[in-house]
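Q: Okay, here's what each chain looks like letter by letter:
Protein chains: 4
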Amino acid sequence: MQRFKTIDTSITALGSLEVLSQVEVTQLKEAGENGLYELLRRCVLAILNTGSHSDNAKTILEAYPDFRIDIIQQDRGIRLKLFNAPGDAFVDGQMIRSTREMVFTALRDIVYAQSESEKPRIDLNNGPDITDYVFHFLRNAKMMCPGEDPRIVVCWGGHSIGESEYKYTKDVGHELGLRGLDICTGCGPGAMKGPMKGATISHAKQRIRSGRYIGLTEPGIIAAEPPNPIVNELAILPDIEKRLEAFVRLGHGIVIFPGGVGTAEELLYVLGILLHPMNKDIPFPLVLTGPQESEPYFRQLHEFIAKTLGFEAQQKYKIIIDDSELAARELSEGMEHVKEYRKKTNDAFHFNWQLTIDEDYQRPFQPTHENMAKLRLHKDAPVHELAANLRRAFSGIVSGNVKEAGICAIEEHGPFEIHGDKEIMDPFDELLTAFVQQHRMKLPGSDYEPCYRVVT
Amino acid sequence: MQRFKTIDTSITALGSLEVLSQVEVTQLKEAGENGLYELLRRCVLAILNTGSHSDNAKTILEAYPDFRIDIIQQDRGIRLKLFNAPGDAFVDGQMIRSTREMVFTALRDIVYAQSESEKPRIDLNNGPDITDYVFHFLRNAKMMCPGEDPRIVVCWGGHSIGESEYKYTKDVGHELGLRGLDICTGCGPGAMKGPMKGATISHAKQRIRSGRYIGLTEPGIIAAEPPNPIVNELAILPDIEKRLEAFVRLGHGIVIFPGGVGTAEELLYVLGILLHPMNKDIPFPLVLTGPQESEPYFRQLHEFIAKTLGFEAQQKYKIIIDDSELAARELSEGMEHVKEYRKKTNDAFHFNWQLTIDEDYQRPFQPTHENMAKLRLHKDAPVHELAANLRRAFSGIVSGNVKEAGICAIEEHGPFEIHGDKEIMDPFDELLTAFVQQHRMKLPGSDYEPCYRVVT
Amino acid sequence: MQRFKTIDTSITALGSLEVLSQVEVTQLKEAGENGLYELLRRCVLAILNTGSHSDNAKTILEAYPDFRIDIIQQDRGIRLKLFNAPGDAFVDGQMIRSTREMVFTALRDIVYAQSESEKPRIDLNNGPDITDYVFHFLRNAKMMCPGEDPRIVVCWGGHSIGESEYKYTKDVGHELGLRGLDICTGCGPGAMKGPMKGATISHAKQRIRSGRYIGLTEPGIIAAEPPNPIVNELAILPDIEKRLEAFVRLGHGIVIFPGGVGTAEELLYVLGILLHPMNKDIPFPLVLTGPQESEPYFRQLHEFIAKTLGFEAQQKYKIIIDDSELAARELSEGMEHVKEYRKKTNDAFHFNWQLTIDEDYQRPFQPTHENMAKLRLHKDAPVHELAANLRRAFSGIVSGNVKEAGICAIEEHGPFEIHGDKEIMDPFDELLTAFVQQHRMKLPGSDYEPCYRVVT
Amino acid sequence: MQRFKTIDTSITALGSLEVLSQVEVTQLKEAGENGLYELLRRCVLAILNTGSHSDNAKTILEAYPDFRIDIIQQDRGIRLKLFNAPGDAFVDGQMIRSTREMVFTALRDIVYAQSESEKPRIDLNNGPDITDYVFHFLRNAKMMCPGEDPRIVVCWGGHSIGESEYKYTKDVGHELGLRGLDICTGCGPGAMKGPMKGATISHAKQRIRSGRYIGLTEPGIIAAEPPNPIVNELAILPDIEKRLEAFVRLGHGIVIFPGGVGTAEELLYVLGILLHPMNKDIPFPLVLTGPQESEPYFRQLHEFIAKTLGFEAQQKYKIIIDDSELAARELSEGMEHVKEYRKKTNDAFHFNWQLTIDEDYQRPFQPTHENMAKLRLHKDAPVHELAANLRRAFSGIVSGNVKEAGICAIEEHGPFEIHGDKEIMDPFDELLTAFVQQHRMKLPGSDYEPCYRVVT
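Protein chains in written order, with the working numbering: chain A, 1 to 456; chain B, 1 to 456; chain C, 1 to 456; chain D, 1 to 456.
Incorrect hints may appear among the rest.
[Stated by the list, open to error] Where chain C lies over chain B, by a calculated footprint (3+ residues, C-beta under 8 Å):
#1 198-205
#2 224-236
#3 349-358
[Claimed, not checked] Example chain B residues on the side facing chain A (calculated, C-beta under 10 Å, incomplete):
#4 146
#5 147
#6 364
#7 378
[Claimed, not checked] Only pairs whose alpha carbons sit at most 20 Å apart, straight line, appear in this in silico PhoX-like list of lysine-lysine:
#8 119(B) to 307(B)
#9 119(C) to 119(D)
#10 280(B) to 316(B)
#11 280(C) to 344(C)
#12 422(B) to 379(B)
#13 167(A) to 167(D)
#14 280(D) to 344(D)
#15 422(A) to 307(A)
#16 422(A) to 339(A)
#17 119(B) to 119(A)
#18 280(A) to 374(A)
#19 374(C) to 344(C)
#20 167(B) to 167(C)
#21 344(B) to 280(B)
#22 142(D) to 142(C)
#23 318(B) to 307(B)
#24 422(D) to 374(D)
#25 142(A) to 379(B)
Simulated from the structure, these hints should not be mistaken for laboratory data. Cβ atoms here follow ideal geometry from the backbone N, Cα and C, with glycine treated the same way.
Can you make the complete structure from the sequences, with help from the hints?
A: Now the structure itself:
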């Protein structure tokens with residue numbers, strides 16, 4: 001096992017947790033030392049590990065087995081001592097400022113999630129309560145900026161994409177930034193990093209100093225897809241479903257780049273919501289775009305949608321091939337409609353309260369072998385339910401590919417079995433097979449061993 | 001009954017409560033419409049009523065009997081509709097910005113106090129929990145500024161003082177501001193307003209744009225002593241004792257100007273704390289100052305302290321007559337000691353965690369006839385307990401003088417009876433009689449009818 | 001002769017002259033040590049002397065005979081060493097920041113005036129060149145803020161006014177500030193200070209942190225009317241006429257408070273301009289206002305205008321008695337017309353290029369005995385010329401009253417003689433006599449010895 | 001001839017020239033329409049042409065033959081109408097903000113250069129006057145920030161470099177930015193753009209919002225090397241020599257990347273200065289760095305220095321191969337020495353007054369055939385003079401390669417003849433030949449036809 005340069009250091013709070021009561025410091029210390037310690041350690045390690053080019057959470061975690069955090073209590077506040085921290089997070093012995101901010105973001109979010117979930121007033125099986133929870137989570141992360149015009153573009157896409165696809169995501173980010181739009185992604189490399197880099201440059205060109213580069217992640221994915229240091233606002237939501245809800249309620253439009261199973265999961269999630277009858281009048285710009293070479297990918301996805309969710313679902317998005325300027329303009333114009341609509345309906349600009357999200361989409365799905373086997377992928381189910389279950393199936397495969405828990409489960413029990421009607425399962429299998437052939441499952445260089453088996 | 005010019009208006013949140021969840025908006029609406037409505041109405045009316053020159057809460061409240069607030073719920077947030085609001089709060093039909101901020105401050109604090117008190121984890125009979133509560137209250141009011149050097153000077157003194165005393169408080173505020181110090185007072189006219197006015201001018205001279213003019217009040221006093229509009233940070237703490245604790249933990253030093261019973265109450269409070277053995281090494285600049293004409297007042301107070309709490313208590317403060325520059329310099333130099341001490345002991349600059357405050361000082365005291373009669377003002381009690389009880393006695397008299405509940409109780413049951421040893425009660429009676437003669441009990445123009453009777 | 005507390009100090013540039021070339025530093029040093037030294041010394045002494053309550057320039061200058069400035073040259077820039085500087089300008093040994101800024105303002109303006117006047121391209125007898133000069137002077141003083149809405153209100157009025165008049169000027173300033181307007185005055189005490197103080201407080205109430213308190217003065221008047229330290233932008237124009245032009249081109253409206261001869265001079269100046277046929281469509285709000293007790297003063301002035309300049313001139317202003325709110329609202333509404341007009345005519349907001357000012361008003365008038373005797377105050381002159389000459393007559397009397405040169409000339413040659421038609425000279429004499437009786441000639445406490453004699 | 005998409009537009013001043021007098025507007029209009037029009041047109045066209053990938057000034061200028069500027073005069077200020085402007089400078093019809101700023105920068109600098117050169121007080125053949133001129137030029141461009149610590153790193157290197165060299169310049173810029181350093185280059189692509197891009201990203205990581213990306217160019221080079229839009233401070237100095245002086249007086253250290261003749265010119269310039277006996281104690285960090293593949297290039301340069309200027313000259317710089325972190329650390333540490341030295345000697349941080357620059361280096365050199373032929377490249381000349389003449393020889397070749405005037409002269413008269421001793425001319429010729437072989441003379445894709453001939 002390769003060993004890397006490490007550093008011991010001690011840091012005080014920056015950006016979050018700067019003013020704490022003595023009780024809170026004690027709670028943080030206790031939380032961080034007991035049940036939540038392992039979670040905190042994983043997240044912080046991921047954040048410090050921005051230089052890594054592996055997407056295997058296990059690998060990353062194993063690369064720094066001695067990494068350790070001590071939480072120190074002072075009258076003045078809280079201090080973290082880090083031992084054997086990855087050296088890439090430091091410049092001449094000083095932690096990079098954005099990284100230091102993100103470390104305290106992790107502590108903040110983990111403890112917040114914990115303390116909120118203990119509150120009796122919240123029923124996390126109840127839809128409106130979950131939405132309320134997501135709102136409070138994001139507000140606690142200071143992501144709500146009242147009075148700002150809609151301009152947050154969510155960018156989804158693979159962390160494992162080719163060089164020209166990556167360059168294209170930078171181009172689109174550049175064009176979005178030229179139009180004054182901000183970027184929100186799921187953190188990590190590839191399509192999550194490119195748009196932020198592009199927008200950083202174009203915001204500089206437009207003299208925009210307040211550009212937002214928002215990263216929304218969750219504990220299971222952060223180790224495999226650590227936030228890149230351009231991210232200037234980070235939230236680590238407690239699970240996939242809350243993270244997805246945060247994307248669609250915080251963002252004002254979505255761009256989907258080529259990706260793999262995770263991207264398919266995200267597309268199905270947003271389509272499922274936009275197909276909900278209550279949401280049919282709500283403007284929500286949704287663009288699928290990539291360079292020339294990704295045209296086959298999008299064609300395939302487009303056909304998969306046609307075969308499973310049907311024609312109507314196809315009307316919810318626009319596919320734009322190799323025209324970053326057009327893609328950005330589409331979003332930019334879409335923002336105007338979003339703004340008008342929210343004004344007309346007296347809705348907030350900073351949180352999309354009006355979007356109806358079915359509880360099916362909100363409740364966490366544990367991708368165990370049992371749960372995966374129980375998924376009902378039937379053609380005769382309501383399109384809505386089908387979309388939700390397809391989303392779950394993809395979600396399970398993501399877990400088996402890159403998440404620590406998933407990888408372990410597969411190592412122990414073999415691949416997931418996924419059952420369904422032939423009319424659904426055939427296109428499903430084709431899509432996945434194509435992803436494997438296009439190396440969209442894992443970062444290049446690592447061989448892919450499928451973590452699922454389709455049963456019709 | 002005189003009627004004043006009133007205005008109907010509708011305002012959205014400013015400075016506080018700008019980003020609310022739908023549940024919070026509903027809660028605010030319900031809270032504001034049910035149990036807390038009357039409290040909210042009183043506080044908002046006081047805030048809108050900054051032009052008034054009466055210190056009788058009943059009078060103020062009765063002057064606008066039709067004043068009414070509607071809380072409107074929107075997806076976007078909350079909106080207040082005000083009917084028959086005092087015209088002085090408006091300029092050409094627009095509410096003055098500071099006033100609008102303070103109206104939402106009132107809503108924020110009232111609802112916060114309510115929701116905190118309902119939390120099971122907080123035992124408001126327990127000292128550390130009360131301190132924690134005060135800390136959270138102030139943090140929620142965004143009054144904690146980490147990283148700032150100690151520079152908050154608490155100014156106490158009468159709301160009913162003469163012209164030359166008032167001018168002197170402006171001079172001291174001016175000299176404090178010249179030295180870069182900020183002002184914190186209890187809101188209201190007289191010695192609570194003068195220092196802020198003086199510092200506003202001298203901050204302008206020193207090109208300090210971030211000067212803080214902090215007002216700490218409580219629902220029982222706000223109607224009689226409404227915040228003047230220079231206040232740019234306001235908190236309405238739930239009771240006298242939490243407000244006093246907020247003063248000594250947030251402030252870094254205290255100036256006491258001539259005043260009446262309320263001022264005596266405050267002096268006894270801070271002396272009682274500084275006399276606590278645990279606090280004897282903690283630097284805490286405390287200056288009593290006034291113009292030449294107030295020398296007899298301070299002599300009298302000084303003697304009263306000698307006769308009741310003794311020589312040691314006199315060593316905790318410095319009396320400076322007619323030298324605003326010296327008074328300010330004393331505080332300015334004191335700040336250096338505070339800073340050094342906190343650095344050395346690794347304490348926060350923004351909250352004085354180290355000060356030990358006895359639970360006797362923290363628990364709310366209800367100045368009913370019964371409680372007032374039960375006070376034990378005995379010479380043989382520990383100096384500590386004596387100071388606490390004297391503080392309560394003064395507190396009761398303040399209530400009987402200017403607070404609505406106190407005034408009503410006196411109207412119904414006659415004056416409070418206060419019992420104690422002759423050695424305590426004689427100086428006590430002398431001091432109060434002198435206050436009456438010096439018109440320090442009420443704003444000039446109103447006759448004073450004593451609300452207490454000393455029994456030895 | 002009374003001696004005051006003095007301080008020796010050394011200061012580096014603040015706000016102006018922070019980045020100088022080596023040649024410039026040498027020039028400044030030479031200029032400051034040779035011909036311009038005495039002028040610089042006078043101006044700086046006046047600026048340091050803000051605590052003084054005398055308006056006799058000679059008295060002030062004589063109070064600090066040992067005050068001396070050394071200009072030190074460094075690679076890094078320029079440094080001033082001050083010896084025997086008035087102690088009031090310091091707080092605990094540190095010069096007040098606004099004062100330090102103004103000291104370098106004085107150096108900046110004196111040297112700028114000198115170097116500009118030496119440029120061959122400028123003909124200071126030519127009207128457009130003078131206007132251009134005033135523009136450049138103000139731009140060099142960083143007073144041009146492009147893109148800001150019109151909101152500069154010039155406040156004129158006596159430096160020697162009664163307590164209630166002073167309070168009224170504060171009220172008007174307060175009301176102007178509540179409406180977001182900025183204040184520009186001639187520096188000095190009385191009506192030049194009150195509005196700034198009032199606006200400082202009301203800007204704080206409206207949370208306006210960028211309030212402008214502009215002082216325009218000239219070397220002859222600065223010693224008698226030193227800038228108060230609220231002034232946050234100062235320019236010392238080279239003579240009265242350029243200062244007056246700066247007022248009307250920089251300001252967007254004018255308020256005239258009760259005053260003496262200087263105020264009369266200013267009123268005649270602006271009336272003369274507004275009466276110019278070229279200016280008749282240009283909106284220019286002009287309000288004369290004071291408390292109840294100043295009604296007779298304004299009546300007298302109003303009658304004097306009627307008798308000398310006639311009915312038309314009276315239509316150029318509005319007199320408002322004892323209603324600070326109405327006065328402020330008048331200005332506030334006037335600003336809207338100014339803004340609309342400038343937009344329509346595509347004129348700048350920051351400088352009133354369109355106002356035609358006759359060269360008669362632009363050329364400096366030296367109030368020697370000879371020039372004063374030559375003034376032609378004839379009823380049959382064009383109203384325009386008459387106004388210009390009346391302005392000069394008042395200007396000479398101001399000089400004889402408070403300016404060092406004027407006082408010396410009167411001491412040597414006796415009072416000025418002013419000739420004119422009886423129809424003009426009678427109201428002129430009445431007005432001046434009334435000013436004497438109302439103690440409007442000098443600060444109270446000093447006896448007034450007339451410096452002029454009317455000859456018909 | 002290829003034609004490109006063009007746009008007609010009209011823009012008002014941004015960043016510069018926002019407040020102008022009427023006379024200035026007239027002057028600008030006249031200057032821009034008469035003698036200076038062609039110069040302005042060239043510069044603006046270069047600025048608008050940031051998307052181009054040609055480095056042939058003639059090509060660029062010929063691509064937009066119809067491009068035209070009208071200067072419109074308004075009371076309010078100045079407005080530019082652009083006809084047939086390159087479409088790449090616009091986003092959805094709006095000019096990119098940085099581009100708009102730079103267009104007015106060009107107008108500002110061209111007119112400033114013109115008006116300064118007409119001042120009688122300046123003798124542009126006199127060394128100190130030239131330095132003073134450069135200082136004023138940069139101050140007028142608002143590049144002097146008093147009070148800032150030394151942190152401007154000048155990056156020199158080729159506009160025509162390979163992909164891996166370009167990537168390396170980004171890495172170095174990234175490492176410099178991580179250490180809080182700012183970037184100053186000569187504008188243009190390649191090594192002038194890479195460091196700015198890298199620093200933009202790392203400044204974002206370090207949450208530095210005030211990063212400076214300074215471009216210093218001159219009219220002859222701007223068309224071939226247009227400022228990239230990250231540049232947020234631009235100055236167009238009137239000639240090469242003033243631009244070079246601006247680099248060494250404004251910058252606090254220099255990094256030289258691989259380049260061609262221009263880079264050799266710059267290296268000789270700075271070596272000649274640092275070798276001056278008066279400058280031997282002045283700290284001036286100078287690092288030559290590139291990726292592994294550029295080691296031969298630097299070896300060659302290093303040998304050329306040894307053979308011509310000798311061993312001592314080699315001690316003035318450090319060569320660092322393929323270690324961007326070390327290069328940045330070298331600069332970062334060097335800044336500390338610069339700061340200490342300037343503090344000790346009381347020199348400004350914002351302009352290096354103390355550096356002695358010989359008039360030989362300051363006087364403009366016109367690379368005509370005649371002047372080139374007259375250069376004395378003799379071994380027995382003082383090392384100082386030799387360096388100056390070598391610098392001129394390289395300068396002439398740059399002109400013949402990429403500047404319009406040079407290209408035309410070569411087209412007409414054939415290559416320059418350069419005479420000198422064999423011991424100098426042989427290494428000189430070797431170096432140039434190597435540059436040709438390495439394609440360091442021109443952007444790849446264009447064949448290189450030498451514009452010089454060595455004669456020994």
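Q: Hints first: check each against the structure and report whether it holds.
A: Each hint tested on the structure:
no.: 1; hint: 198-205; result: holds (count 4)
no.: 2; hint: 224-236; result: holds (count 3)
no.: 3; hint: 349-358; result: violated (count 0)
no.: 4; hint: 146; result: 4 Å, holds
no.: 5; hint: 147; result: 8 Å, holds
no.: 6; hint: 364; result: 21 Å, violated
no.: 7; hint: 378; result: 35 Å, violated
no.: 8; hint: 119(B) to 307(B); result: 44 Å, violated
no.: 9; hint: 119(C) to 119(D); result: 10 Å, holds
no.: 10; hint: 280(B) to 316(B); result: 10 Å, holds
no.: 11; hint: 280(C) to 344(C); result: 16 Å, holds
no.: 12; hint: 422(B) to 379(B); result: 9 Å, holds
no.: 13; hint: 167(A) to 167(D); result: 14 Å, holds
no.: 14; hint: 280(D) to 344(D); result: 16 Å, holds
no.: 15; hint: 422(A) to 307(A); result: 11 Å, holds
no.: 16; hint: 422(A) to 339(A); result: 43 Å, violated
no.: 17; hint: 119(B) to 119(A); result: 10 Å, holds
no.: 18; hint: 280(A) to 374(A); result: 30 Å, violated
no.: 19; hint: 374(C) to 344(C); result: 43 Å, violated
no.: 20; hint: 167(B) to 167(C); result: 14 Å, holds
no.: 21; hint: 344(B) to 280(B); result: 16 Å, holds
no.: 22; hint: 142(D) to 142(C); result: 14 Å, holds
no.: 23; hint: 318(B) to 307(B); result: 17 Å, holds
no.: 24; hint: 422(D) to 374(D); result: 16 Å, holds
no.: 25; hint: 142(A) to 379(B); result: 55 Å, violated
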